[in-house]
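What follows is the residue order along each chain.
Number of protein chains: 2
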Amino acid sequence: MKIALDAMGGDHSPQSPVAGAVEALRDFPDVEILLVGDQTRLQSELSRHDTRALQARLQIRHASQVVDMADSGLDSVRRKKDSSISRAIDLVKSGEAEAVVSAGHTGALVAAATIKLRTLPGIDRAALGVLIPADGGVFLLIDGGANLDPSPEHIVGFAVMGSVYYQAILGGNRARVGLLNIGTEPTKGTEFAKQCFARLQEAPILFSGNIEGHGIFKKPVEVVVCDGFTGNIFLKSIEGLAKAMVGWIKDEVQKSPVRIAGALLCKGAFQAVKSRTSTEEYGGTPLLGVNGICIKAHGNSSPVAIRNAIRAARSAVKNSINSRIVEAMQPLHENPLHRESPAA
Amino acid sequence: MKIALDAMGGDHSPQSPVAGAVEALRDFPDVEILLVGDQTRLQSELSRHDTRALQARLQIRHASQVVDMADSGLDSVRRKKDSSISRAIDLVKSGEAEAVVSAGHTGALVAAATIKLRTLPGIDRAALGVLIPADGGVFLLIDGGANLDPSPEHIVGFAVMGSVYYQAILGGNRARVGLLNIGTEPTKGTEFAKQCFARLQEAPILFSGNIEGHGIFKKPVEVVVCDGFTGNIFLKSIEGLAKAMVGWIKDEVQKSPVRIAGALLCKGAFQAVKSRTSTEEYGGTPLLGVNGICIKAHGNSSPVAIRNAIRAARSAVKNSINSRIVEAMQPLHENPLHRESPAA
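Just so you know, the sequences run in chain order A and B.
Numbering follows our numbering, with no gaps: position 7 of the first sequence is 7.
Numbering follows our numbering, with no gaps: position 279 of the second sequence is 279.
Warning: the hint list may mix true and false statements.
You can't tell identical chains apart in this list, so a pair holds if it fits in one copy or across any two.
Calculated cross-link-like contacts (lysine-lysine; reagent style DSS-like; alpha-carbon spacing at most 27 angstroms) [said to hold, decoys possible]:
1) K250 x K274
2) K243 x K188
3) K255 x K219
4) K188 x K81
5) K255 x K218
6) K267 x K243
7) K116 x K188
8) K81 x K116
9) K243 x K255
10) K318 x K93
Bear in mind the hints are in silico, worked out from the structure with no lab data behind them.
Could you put the whole structure together from the sequences, leaning on the hints where they help?
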């Protein structure tokens, strides 16, 4: 299976993508990687690794441009046609690669993937599905930030795609879906939230109703659905608090030698929680709904995170995620109840 | 100074409100409390405390009804005219009390306060200002959930009120204000977020631009402004994650006797972080913008949290918060640039 990797994306590029690609090639013998980016820099970076045994499964595809964080996502697709993100997606479009992985600009990845690959039949909007640690496992938040102003019908699509992905990748019983809201009653929230609630009740999913942030980590549902603005606020806020709490514990521990000794004894516990809440472990976030497998890795991805994003791409291909999504969306198009209302 | 306390509101009523009132009366000799609720139950609850020295400053005002969590906020004002929340607010309206404190139904408190007390001159919408722990202090998030669909003009009002409250209660230099958004650039976010950004740039505040959740706990600003839906999602999410992380650390510590021993040695560090992230400490959330001091305590308030909410009410009265807000809003009404545009 060929996977195109945007080797110029992310805070630590090309080092992290290249090192992550090498790790992935060692761990997954069925994977071939097309490294996309500046040929000279990538060759120089690759020379720091022992790739002799991997060369048959590793190619460089030159791309002369890089999308900066300051670029607008949509503009970058039009103006930087030879960017590593665009070129990597082109490889999926042409059928040369089965999936694309990038730690680069999220907006550019979403825009380029949506424009070049288009959405799947029956899907109007793509969405980012982010795995988040919770008591006894993980849940999937969708949308993590691809669509800031979706309609209630788009939210139904996100819920279906999230359910399909969760079950395909994590197994278990049929995934329960909750709507991220500010109260559990159906009457709670904005007009938009109320409309989403009504639509989700009729959707071909296992809808558990509204879910609030303070109960979410007890994992009452496997899939949490919301618009991309709310989802992105949620993700960044918990990321910020997790880091802050670790820092506060460290500060307090430093205050006495006894505490420092104690902290050394329970170092393993801290490390376990740190690795549990680490974005590395859940490195790969699928952009669900585009006609091709597209995985976003965190901007500050380490080599391990890149390797895990490649693993996520491989799983998505192996589990035929996209044909499952198309199939799961069928009832929405066959049943007039589920059709988009002209008023929406 | 007389403070009306809704003694029937919150998860642990009337025990917590009554015990909290007794603590507050002991700690703040200038405070008198009007306990509002079922006379028989309150007398019985009071008999469990030694209130001999406090009797001159403590009265019960009977209210026969209680707003349940299942009630709609607005309906409760119309249908439960003799609820403890409504009656407590009536005492502020009539001038008998200078402030009201309630751990009850947030929606009912916001609705009753807005309808009965009305908003301050120049303010169209009230908002909840929530103090949140961060590196080296606290920041104020406004709106925590009073208004789910505000206009950009309302957001400007929230920013002004938040700045005034922060400076009056916490002192320091002029408060910096950030707009909670999903990126730092002015072009980031929904159309609403972009409009808010433009209005905040012209507002009589120290606007620092957009702020993202993962940087927020480093306290780059003193006041974080957003709509009530986003603010409430933020609050509940970080509350949920803080509890989950404490639970995960406990689980991991339990896994070996060495870790348990280590955890005992750094118990003080854990307790310091726990108290720092506790809602008890910052127990009182002002509903800013209504014509009267109105403090919301957390639903699961302990007696200490109620006492601290009473302390917050006392501070707000002493610091003449409301006249300062009216004054700070003046430039918005004098300068045509700041006036509401007909298009908004």
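Going down the list of hints, with the structure as the test:
1. K250 x K274: both (13 angstroms within a copy, 13 angstroms between copies)
2. K243 x K188: Between copies only: 24 angstroms across chains, 31 angstroms inside a chain, cut-off 27 angstroms.
3. K255 x K219: Classified as between: cross-chain Cα gap 22 angstroms, same-chain 35 angstroms, threshold 27 angstroms.
4. K188 x K81: Intra 45 angstroms, inter 23 angstroms, cutoff 27 angstroms: inter-copy only.
5. K255 x K218: Between copies only: 20 angstroms across, 32 angstroms inside.
6. K267 x K243: both (17 angstroms within a copy, 20 angstroms between copies)
7. K116 x K188: So K116 and K188 pass the 27 angstroms test across copies only (23 angstroms; inside, 38 angstroms).
8. K81 x K116: For K81 and K116, the Cα distance is within 27 angstroms only inside one copy (11 angstroms; across copies 60 angstroms).
9. K243 x K255: Cα proximity of K243 and K255: in one copy and across copies (19 angstroms, 23 angstroms).
10. K318 x K93: Only inside one copy: K318 and K93 sit 18 angstroms apart there, 67 angstroms across copies, limit 27 angstroms.
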